[in-house]
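Peer 1: Chain residues, written in single-letter form:
Number of protein chains: 2
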Amino acid sequence: MAKKNSRTGWEIPATEAVRASADTRVADLDTNVTPGFEGDKELGERLLEERGADLSALQEKLFANGRSSEEHRSVLLVLQGMDTAGKGGMVRHVIGHVDPQGVDHASFGVPTEEEKRHHYLWRIRKALPRKGQIGVFDRSHYEDVLVVRVHDLVPPAEWEPRYDEINQFEKDLVESGTSIVKVAMFVSLDEQKARLAERLERPDKYWKYNPGDVTERGYWPQYQQAYQAMLDRTSTEYAPWHVVPCDRKWYSRLAVTELLIDALERLDLGWPPADFDIETEKRRLAES
Amino acid sequence: MAKKNSRTGWEIPATEAVRASADTRVADLDTNVTPGFEGDKELGERLLEERGADLSALQEKLFANGRSSEEHRSVLLVLQGMDTAGKGGMVRHVIGHVDPQGVDHASFGVPTEEEKRHHYLWRIRKALPRKGQIGVFDRSHYEDVLVVRVHDLVPPAEWEPRYDEINQFEKDLVESGTSIVKVAMFVSLDEQKARLAERLERPDKYWKYNPGDVTERGYWPQYQQAYQAMLDRTSTEYAPWHVVPCDRKWYSRLAVTELLIDALERLDLGWPPADFDIETEKRRLAES
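As they're listed, the protein sequences go chains A and B. Note that UniProt numbering gives residue 245 to position 245 of the first sequence, counting from 1, and the numbers run on in steps of one. Note that UniProt numbering gives residue 175 to position 175 of the second sequence, counting from 1, and the numbers run on in steps of one.
Don't read these hints as lab results, they were simulated from the structure. Every value quoted in this text rests on a predicted model; they were computed, and no experiment measured them. Each hint should be verified, as a subset may be incorrect.
All copies of an identical chain are treated as equivalent in the list; a pair is satisfied when it fits inside any one copy or across any two copies.
BS3-like, lysine-lysine: derived pairs with alpha carbons at most 27 Å apart [stated by the list, open to error]:
#1 K131 to K205
#2 K126 to K116
#3 K131 to K208
#4 K61 to K193
#5 K126 to K171
#6 K131 to K282
#7 K249 to K282
#8 K208 to K61
#9 K41 to K205
#10 K205 to K282
#11 K126 to K205
#12 K171 to K131
#13 K205 to K61
#14 K193 to K282
#15 K193 to K116
Please model the complete structure; the sequences and the hints are all you need to start from.
Peer 2: Next up, the structure:
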């Protein structure tokens, strides 16, 4: 759990401050705030480095246990958010703190022809984190109740049962040892406009620009509705949603770092014990 | 290419200083040296951070092109070395500088039952980097001419043709757009003993210790012979080996950073041009 003191800047631990509740109203969200955190950007950025190092230390323990134990333990970070919310930056600046060997990263775009021939969870199951790994989903199975719902890509009778199905899927995952950290990232319509405009100004950002992103802006209320339904129906005790305001990138990155640290600390992992006789091995090594 | 001036500490660019040649003698290697580099550890560690940032910038360009171009461009780092040579640390401290989204990491241990039923390159092909990615192989297809040869896991008539087959495999890879950076990492027998001893002293390192590692020390001359044959027969113009002394971890990490930077610079990538009309999009965005 995030330490509660002035040094850390957190007045309320991130896990509580951004946890979705029955009162969460997507349409009313202020995305330019820093829930639970009283510090400024400078403190936030310094803390991100410090806590990134803590995250890295915890990840190594997870990895060590993955190598040494038969038990499956893994952490899955699910990132959902509108374009420009900062999913890519989140991976770079948060997951970038940990050993690349310990990360199973997957991003989910428009399904390929092969993926379309399968159940929507097919590509998700294939990408789940291995034992000892931190998995990262840049978009996820939630696309199948977001873009799919907004654009009527399948009829309601088809997407409607998915909420329950996803809950069951995640319940099974958690029971088999995967801690799920779900993060819904929100920017305002204005902030999105500013970020898209920057991509049109800078030749090193053109590749990130997609004309379809502007088209999607026309569906903002429908997306808000779909996000609301997602939070209402799939924020569970075993896999709650976290609603992270993302206009201030430094805050969103720090908050997600705290969420991951919390998930790892809850695993309460120690270093794996030696599965060999230490003195015997010291002797063998000395003689070698 | 590494900049040649006093600030960088490189008197000879890393790419030249560690490139395997017909004169390379594995049995005579001094592993406690810093070929081409005149600076000390302090400078080396500072440079690693600076050049790590350069590597990260180049990786982003590779990634951008992977997203925007039909052409396949990728870089594959192949790490081979005896236990404790520092392959894991190399991934953490060198590849750790780049965006995790842009890394396809794979490690190759003892083949699984399924892998054993296939050609030895089967598992390798499956793990090749995707377009725009930096692939990292922690061990590789070279295991099939190293441990396999040392322990007679298959008869000579079977491993002998593999050198040529690997060369052809890598030639095809390079021709289809993958730059291969092959790094053979060497520590001395004494340094290995010290590193294994540390694993037996520290409970946070037990998980890295494997009694088999001591057994393998008994085959040191045979491994040297197998590494020699590997260098002699598979260091090609299109995929040369680099022989990196690894007793000083800071040096080996800096050298490999330079090798990767060199490989990326040779691709001579620009930012992908806009594949949309910029003014039209600015108008659309403003109106959205």
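Peer 1: How would you classify K205 and K61 at a CA-CA limit of 27 Å: within, between, both, or neither?
Peer 2: between (37 Å within a copy, 10 Å between copies)
Peer 1: When Cα atoms must be at most 27 Å apart, do K193 and K282 count as within-copy, between-copy, both, or neither?
Peer 2: Answer is between: at 10 Å across copies they meet the 27 Å cutoff, but 63 Å inside does not.
Peer 1: At most 27 Å between alpha carbons: which applies to K193 and K116, within, between, both or neither?
Peer 2: neither (31 Å within a copy, 53 Å between copies)
Peer 1: Checking an output row: K41 and K205, CA cutoff 27 Å. Within, between, both or neither?
Peer 2: within (24 Å within a copy, 37 Å between copies)
Peer 1: Classify it for me, K131 with K208: is the Cα-Cα distance of at most 27 Å met within a copy, between copies, both or neither?
Peer 2: between (33 Å within a copy, 16 Å between copies)
Peer 1: Have a look at K208 and K61 and pick one of within, between, both or neither, based on CA distance no larger than 27 Å.
Peer 2: Answer is between; shortest inter-copy Cα gap is 12 Å, intra-copy 35 Å.
Peer 1: Regarding K131 and K282, is the shortest C-alpha distance of 27 Å or less found within a copy, between copies, in both, or in neither?
Peer 2: This pair counts as neither: shortest intra-copy Cα distance 30 Å, inter-copy 46 Å.
Peer 1: Have a look at K131 and K205 and pick one of within, between, both or neither, based on CA distance no larger than 27 Å.
Peer 2: between (36 Å within a copy, 19 Å between copies)
Peer 1: Tell me, please, which holds for K126 and K116 at an alpha-carbon limit of 27 Å: within, between, both or neither?
Peer 2: The answer is both: 14 Å in one copy and 22 Å across copies each meet 27 Å.
Peer 1: Please sort K126 with K205 into within, between, both or neither, judging by C-alpha distance up to 27 Å.
Peer 2: Neither, since 31 Å and 31 Å both go past 27 Å.
Peer 1: When no copy is named, should K205 and K282 be tagged within, between, both, or neither for a Cα gap of at most 27 Å?
Peer 2: Result: close only across copies, 14 Å inter versus 55 Å intra.
Peer 1: Between the shortest in-copy and the shortest cross-copy C-alpha distance, which are at most 27 Å for K61 and K193: within, between, both, or neither?
Peer 2: between (41 Å within a copy, 24 Å between copies)
Consistency with the previously given hints fails for numbers 6, 11, 15, ordered from lowest to highest.
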